[in-house]
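Single-letter residue listing:
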Amino acid sequence: MFASILDIIIDGLFMGGIYALLAMGLSLQYGVARVLNVSHGEFIMVGAFLTLALHTGLGMNPILTLVIIGPIIFIVGYLLHRTLFSALLKSSPSTEVFEGKSLLATFGLLFIIQNVAVLIWGSATRSYSYLASPVEIAGAITSLNRMVTLGITIAIGLAFYIFLARSRMGKAIRAAAQDPATAGIMGVNINNVLALCFGFGLLMAGIAGVLYSMCFGFYTTMGLGFTIIAIIVVVLGGLGSIPGSFIGGFILGIVGQITNTFEAELTLAAYYFIFIVLLLVRPKGIMGK
Amino acid sequence: MLKVNKVDTFYGKSQALWDVSLDIKEAEIVALIGANGAGKTTLLNTISGVLVPTSGTVEFIGQKIDGMAPHRIVGMGLSHIPEGRRLFVEMSVRENLEMGAYSSRAWKHRAETFEQVYKIFPILKERAGQLARTLSGGEQQMLAMGRGLMSRPKLCMFDEPSYGLAPRLLREVFEAIKSLREQGITILLIEQNVRNTLDISDRAYVLENGRIALEGKSQDLLKKELIKKSYLGL
Ligand SMILES: Nc1ncnc2c1ncn2[C@@H]1O[C@H](COP(=O)(O)OP(=O)(O)OP(=O)(O)O)[C@@H](O)[C@H]1O
Ligand SMILES: [Mg+2]
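Which chain is which? The protein sequence lines are U and X, in order. Going by the working numbering, 582 is the number at position 100 of the first sequence; the sequence numbering is gapless. Going by the working numbering, 952 is the number at position 164 of the second sequence; the sequence numbering is gapless.
Within a straight-line C-alpha distance of at most 30 Å, the following computed DSSO-like cross-link-like pairs (lysine-lysine) qualify: (1) X:Lys-801 with U:Lys-572; (2) X:Lys-794 with X:Lys-1017; (3) X:Lys-813 with X:Lys-942; (4) X:Lys-813 with X:Lys-794; (5) X:Lys-1016 with X:Lys-813; (6) X:Lys-852 with U:Lys-572; (7) X:Lys-794 with U:Lys-572; (8) X:Lys-1005 with X:Lys-852; (9) X:Lys-852 with X:Lys-813; (10) X:Lys-1011 with X:Lys-791; (11) X:Lys-791 with X:Lys-813; (12) U:Lys-572 with X:Lys-791; (13) X:Lys-966 with X:Lys-907; (14) X:Lys-791 with X:Lys-852; (15) X:Lys-801 with U:Lys-583.
Keep in mind that the hints were calculated from the coordinates and are not lab data.
With the rest of the complex left out, here is chain X (with noise of 0.2 Å):
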């Protein structure tokens, strides 16, 4: 469903992503993995068009997509959620959730979305007209994913959507993201919680220093030395 083939991505002159591939089959759930800078956050972007590979290419549903523009990549079912939320503060919740509708495709049936969308997470709908500066961190990573679900994805990537929640709502959203595959939706998976994330994944790859480090099942990478000692702290 979503091939990245050989990509090499720069920023300026310094170079973040050297000769990674990756290869994500329908109703997949692949993890990404790998510390602090290793370029995994480059990688999405890079496939959701914010970032243009210099080499290499991207496909996704058989059609090349390195080098269209973002909003055309969500058009085709793609949807990116992004590292550290970024919420439009500024605007309501519901606004929100519209904006991840904006595509043509998605705008005509959003309406049937939002229920959708509030079933997953009924706490928006409550929410609906309050800011979304003024929501818990929680409710605010709950929004996130809920914003990226309105554009009816075929394939969903999650920046660290754990990233400074309590671990009760780390359970939560490790549900929804399992209730998504459950849907159809196939998974791309940005964790540091390896350990769940591993549990939860299918498969999974590890970047180090920009390059795929290794890949596997996830299962499998479980019992791997250098997962073990460089990952799980075993």
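Bound-form chain U, shown alone (with noise of 0.2 Å):
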């Protein structure tokens, strides 16, 4: 029994948004701080079993619980940034040579955390009822946490996206992914705002953790497929290009919903599909340049 494309369209739109956020994270960490961040998917994993812990432990409304967890995130990843990758940036020659250092860094804060997590939380799948009830928007049935998590991606997406265009750090941003030299000379810090960049990409990655968690179940193992998928994203939507990331986020949720309707085996197929197409078609990515 097929769904009706409305149905498909609505929560192919939800998973978008997640996969928007995603990559909008990854996009800053490696478009601005070239960190190519293997580890961004386990914040989505770490963000989904804080607000378990919070709301079971505590009896925190699961969304309220991103006020806490955010915060930590992004320190987390300012911290990260301010110590380890500005130490591996002091010592590179170059950015590649720096690419290539702090790639490798990443697969073990990869390891370290998805084992910590395995340690804590064990593997298991988990899950919490939250806002579970059904909604009917036109005849198609979703519920009222995905419409919930929809609505916060959105309005995180075009805040950030008001933030780069206008304020004076998001100015700085926008330079700093152009030429960091250049902008150092202008008056900008730049070891502040690549260590700020670094912070705002987990803690987009943490924010669809704490939202996926409020809709699916979420293992400590789950964290990988989620970084392939930001990275596919990252490509398709041009590399750099924050708007792009958004954009393809929800293009990537609307073909996995699609696929997911008539074989779900075949999402992650679809995912690669689409990405060799659009490689093919258009090399730089949906809004690259």
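Build the complex from these two chains, which are given one at a time in their own frames, with help from the hints.
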């Protein structure tokens, strides 16, 4: 039995919102800070489990946990860059060398985070129920938590876009993405801006994790799959383009939902298919220059 | 105002500057000339904090600045207009100028500075909303200079501002630099165009293979055999 087109679109947009957040986060880390962070997906997992702990342990509202989990993950990201990655940057003679070293470092992070998570939370799939009541939109059935998630991801995407376009710090981030050395001689504290970008990047994965946990089951080894999706979306959207990552996330979400309706086993294959077709047709990605 | 004292600078293991010293007084125009690869850009990068010298010191308005981060050095009033313009090409002309005023002291007065820069380069006002990428070569150079002035500098270092410009624009660039000095801005100028540069500068340093080979009053240097043969083609 096939779901209606509207069902597919609504659920595709909802998954797309999660992918968009994840990819914007990776885009900040890779496009600005030049760290291809393969441990990115671990932070969606950490966000999900922290939400579970605060919700079932302390009875907190899962959406409100954002106020606690967000700052924690942001600070972790900021400090990781100020210590580990800025040290690697200092010791690297070129951007290429830095990219290689930092990629290896994030593999290390991936294993550390995953192993510690398995120790603490085990490897079973966990879930809780929140705002799970069905919602009907023009005949299509979805759930309230998915609609809330979609709303929050779109709001964060737009807010971040306006922040980049308008604010002083946002402009510094864009300048640093294009030419960090020149941004430095203009007066931008480069180490600080790169660390902020890394922190914002992890923050977005963490928020995605909080939202994901409201709608799906989650387990401690799910991170890498999300990292791969984020990498696909970032390339799809155009390396370094935040709006591209945002739009690319929604495209991938809908493609995934369509495939899922017909043959769930083929979802990942469909992602790669779209990815390769787009690379052939438009090698620079949707918004690439 | 700026004192570079016996500086050595390396790229990894290869040395680019040997024992370089240079001294600039307030309201001077000082030229730095030398062949391709002599180390001129390296010296500017060493002064503006992009590179850190392995030995020697750099002092600006009485304060040691070697080892200081670039954003703090520009905050003190030392502006570096880099080689090859290095504009933020995906940002608008106005945003590029705003980036020039990023230091907190300059940021506060940016409305006023915008007016001053637009007065020197009126074309930038016309093009304010355009992406820097879409400007002509000459306009891009004006933008690079305007952006460097947005930090309200006491001292400006220009790295080949006339590179790739038509002769008419070249004259405009030199006029703009002279007018800056009249406003009390001290200038360190790198140029390939040795004749014009020696004409507008008070003093000059000649860099050869990473070492200072010659220094003196620009008018005197114009008469020196070495300069005539190697740089003026006489
Ligand atoms: N990033 C770098 N890594 C390694 N060596 C470098 C680097 N930049 C410059 N060099 C070397 O340092 C020396 C001085 O270069 P620099 O760019 O300072 O010369 P320049 O006088 O500015 O030349 P030009 O007139 O061509 O701009 C050259 O031998 C150059 O090859
Ligand atoms: Mg040079």
